[in-house]
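Visitor: Generate the whole structure from the sequences, applying the supplied hints.
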Amino acid sequence: MNSVDTYVARIEETCGEEKDFIVLFKYDKKDEAITKILKKSKKEKSISTIIYELTYNSISFRLYATGKAIFRNLKNKDELQKVLAALLT
Amino acid sequence: MFNPYKVREDFPILRRKINNYPLIYFDNAATSQKPKQVIDIIKNFYETHNANVHRAVHTLSQEASELYEQAHEEVADFIHAKGMEEIIFVRGTTEAINLVAYAWGLRNLKKSDEVIATLMEHHSNIVPWEILSKMSGFKISYAKVKDDGTLDYEKFENLISKKTKIVCVSHVSNFSGVINDVGKVAKIAHEYGALTVVDGAQSVPHMPIDVKDLDVDFLAFSGHKMLGPTGIGVLYGKGEILEEMEPFQGGGEMIREVAYNNKEGHCVIKWNDLPWKFEAGTPNICDGIGLMEAVKYLEKLGMENVQAHEGMLTKYAMQKLLECKNVEIYGPKDVSVKCGIIPFNVESLSSHDVALFLDNYGIMIRSGFHCTQPLHETFKLKSSARASFYIYNTLEEIDRFIEVLKEIEQA
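Listed in order, the protein sequences are those of chains A and B.
Each residue of the first sequence is one higher than the one before, counting from 745 in the working numbering.
Each residue of the second sequence is one higher than the one before, counting from 45 in the working numbering.
Calculated from the structure, these hints are not laboratory results.
Please note that a few of the clues may not be correct.
The calculated DSSO-like cross-link candidates involving lysine-lysine, where the alpha carbons are at most 27 Å apart (straight line), are [claimed, not checked]:
{"no.": "1", "chain 1": "B", "residue 1": "K377", "chain 2": "A", "residue 2": "K787"}
{"no.": "2", "chain 1": "A", "residue 1": "K821", "chain 2": "A", "residue 2": "K789"}
{"no.": "3", "chain 1": "B", "residue 1": "K424", "chain 2": "A", "residue 2": "K819"}
{"no.": "4", "chain 1": "B", "residue 1": "K61", "chain 2": "A", "residue 2": "K773"}
{"no.": "5", "chain 1": "B", "residue 1": "K377", "chain 2": "B", "residue 2": "K307"}
{"no.": "6", "chain 1": "A", "residue 1": "K784", "chain 2": "A", "residue 2": "K770"}
{"no.": "7", "chain 1": "B", "residue 1": "K426", "chain 2": "A", "residue 2": "K789"}
Just a few of them, taken from the derived set where beta-carbon distance is under 8 Å, the chain B residues facing chain A [to be verified]:
{"no.": "8", "residue": "N64"}
{"no.": "9", "residue": "P66"}
{"no.": "10", "residue": "S392"}
{"no.": "11", "residue": "S394"}
{"no.": "12", "residue": "H396"}
{"no.": "13", "residue": "D397"}
{"no.": "14", "residue": "L400"}
{"no.": "15", "residue": "D403"}
{"no.": "16", "residue": "N404"}
{"no.": "17", "residue": "F413"}
{"no.": "18", "residue": "T422"}
{"no.": "19", "residue": "F423"}
{"no.": "20", "residue": "E451"}
{"no.": "21", "residue": "A455"}
In this text, all values refer to a predicted model and were calculated from it rather than measured experimentally.
Cβ atoms here follow ideal geometry from the backbone N, Cα and C, with glycine treated the same way.
Guide: Written out as structure tokens, the structure is:
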């Protein structure tokens with residue numbers, strides 16, 4: 745099992761022209777996933793320890809303490825998979 | 045007297061905590077929660093009455109058939125249809141509209157005809173007609189909405205002509221909660237000889253409905269938005285129109301006779317009576333019975349009380365939201381022209397961010413397009429957050445929702 749499969753339960757793609765990807769981490773793995781992501785990315789801002797605004801390789805995204813993340817402005821799901829793999833390894 | 049705190053006792057899920065906070069469920073326009081009466085009848089059916097309906101002679105089948113037919117009758121009474129022959133059980137609103145599109149539209153709409161839809165339609169009352177238009181070549185025109193999100197009846201009247209055969213209109217917008225005067229739309233449509241296909245998904249669960257009074261030709265709605273199970277919905281159609289229509293799907297249950305003509309080498313088929321002509325195959329028996337229980341529950345509360353309670357919640361929520369500096373509300377602010385749905389955005393945050401922030405505090409709302417992309421484009425929105433209320437919601441829940449929204453604003 746690769747790192748994405750280990751930590752990610754589901755990826756929701758929003759509809760419309762400007763797509764967002766919402767990543768839902770597995771409930772029992774979310775804390776581990778959040779720790780890994782926080783370690784690898786740069787923290788720009790945090791709001792009430794609920795939302796973290798982060799960047800990784802010029803890709804900005806938001807991570808939620810409930811184990812969810814929103815990625816924007818990515819070309820497609822393949823690019824998201826690559827970013828997630830890098831963040832979760 | 046209507047008491048939402050008493051009502052809440054019937055909904056086991058409302059005792060749940062999400063992220064250690066009491067669940068506040070404001071995503072009722074997407075689906076409603078289920079009372080224990082509905083949950084129990086589903087369990088009871090499988091434990092005591094389960095059998096296939098119609099044509100079997102044994103006791104269980106007779107019991108199942110009686111319950112399933114009773115469910116049709118209960119729904120007919122609920123919306124004041126003439127009888128169960130006008131009530132077709134389908135999977136939901138989407139399938140109901142597709143039934144009309146394929147069973148009526150495919151056979152009757154020609155290239156020279158026109159269909160009118162409004163820009164506030166859910167995709168389910170747009171996409172089937174667009175698909176059919178590609179097959180049959182008829183034109184679809186869209187009636188615009190005013191800046192406040194209400195339907196522009198003048199522009200709608202300008203669009204309609206003798207070429208119009210179908211008018212598609214939502215009774216209540218699932219984006220803004222705007223209540224459309226479908227009686228007026230039906231009257232205008234009938235003057236031009238057109239039929240009305242009304243999406244009642246957001247109206248039937250929330251207000252008293254009288255199809256005879258509204259004089260609409262078709263009304264589609266879903267069981268799961270009105271306390272019933274998923275996978276069951278209703279198409280109401282005027283008896284005389286359904287009688288004239290050919291079936292949607294073929295198979296068992298919808299036929300009276302399939303006789304093999306040996307001389308000609310094919311089968312001669314006679315359709316079953318209404319509503320079974322449109323319910324091919326083994327139907328969703330148990331969920332139909334679940335829907336009956338949901339209808340009984342709502343009738344016991346009284347639909348006038350349901351509407352009044354939601355109106356009170358909407359008025360309160362609207363007042364509180366208008367006090368939030370960085371919250372923009374879409375659609376009319378006058379709650380007398382709308383149901384319990386409020387779309388909004390928080391400045392500099394996406395709707396998904398807002399929904400995820402609220403989720404952290406156990407508050408469930410919707411974010412995105414809500415299957416109304418054309419309407420979002422009209423309002424020049426990339427997406428919106430949507431709070432929608434129902435019988436078990438309370439003023440205290442709205443206070444908590446506002447409190448968390450203010451936290452988002454401050455953050």
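Visitor: A separate judgement is required for each hint: does it hold in the structure or not?
Guide: Consistency of the hints with the structure:
no., hint, in the structure
1, K377(B) with K787(A), "violated (39 Å)"
2, K821(A) with K789(A), "holds (26 Å)"
3, K424(B) with K819(A), "holds (23 Å)"
4, K61(B) with K773(A), "holds (20 Å)"
5, K377(B) with K307(B), "violated (69 Å)"
6, K784(A) with K770(A), "holds (19 Å)"
7, K426(B) with K789(A), "holds (24 Å)"
8, N64, "violated (11 Å)"
9, P66, "violated (16 Å)"
10, S392, "violated (12 Å)"
11, S394, "holds (7 Å)"
12, H396, "holds (6 Å)"
13, D397, "holds (6 Å)"
14, L400, "holds (5 Å)"
15, D403, "holds (6 Å)"
16, N404, "holds (5 Å)"
17, F413, "holds (6 Å)"
18, T422, "violated (14 Å)"
19, F423, "violated (13 Å)"
20, E451, "holds (7 Å)"
21, A455, "holds (4 Å)"
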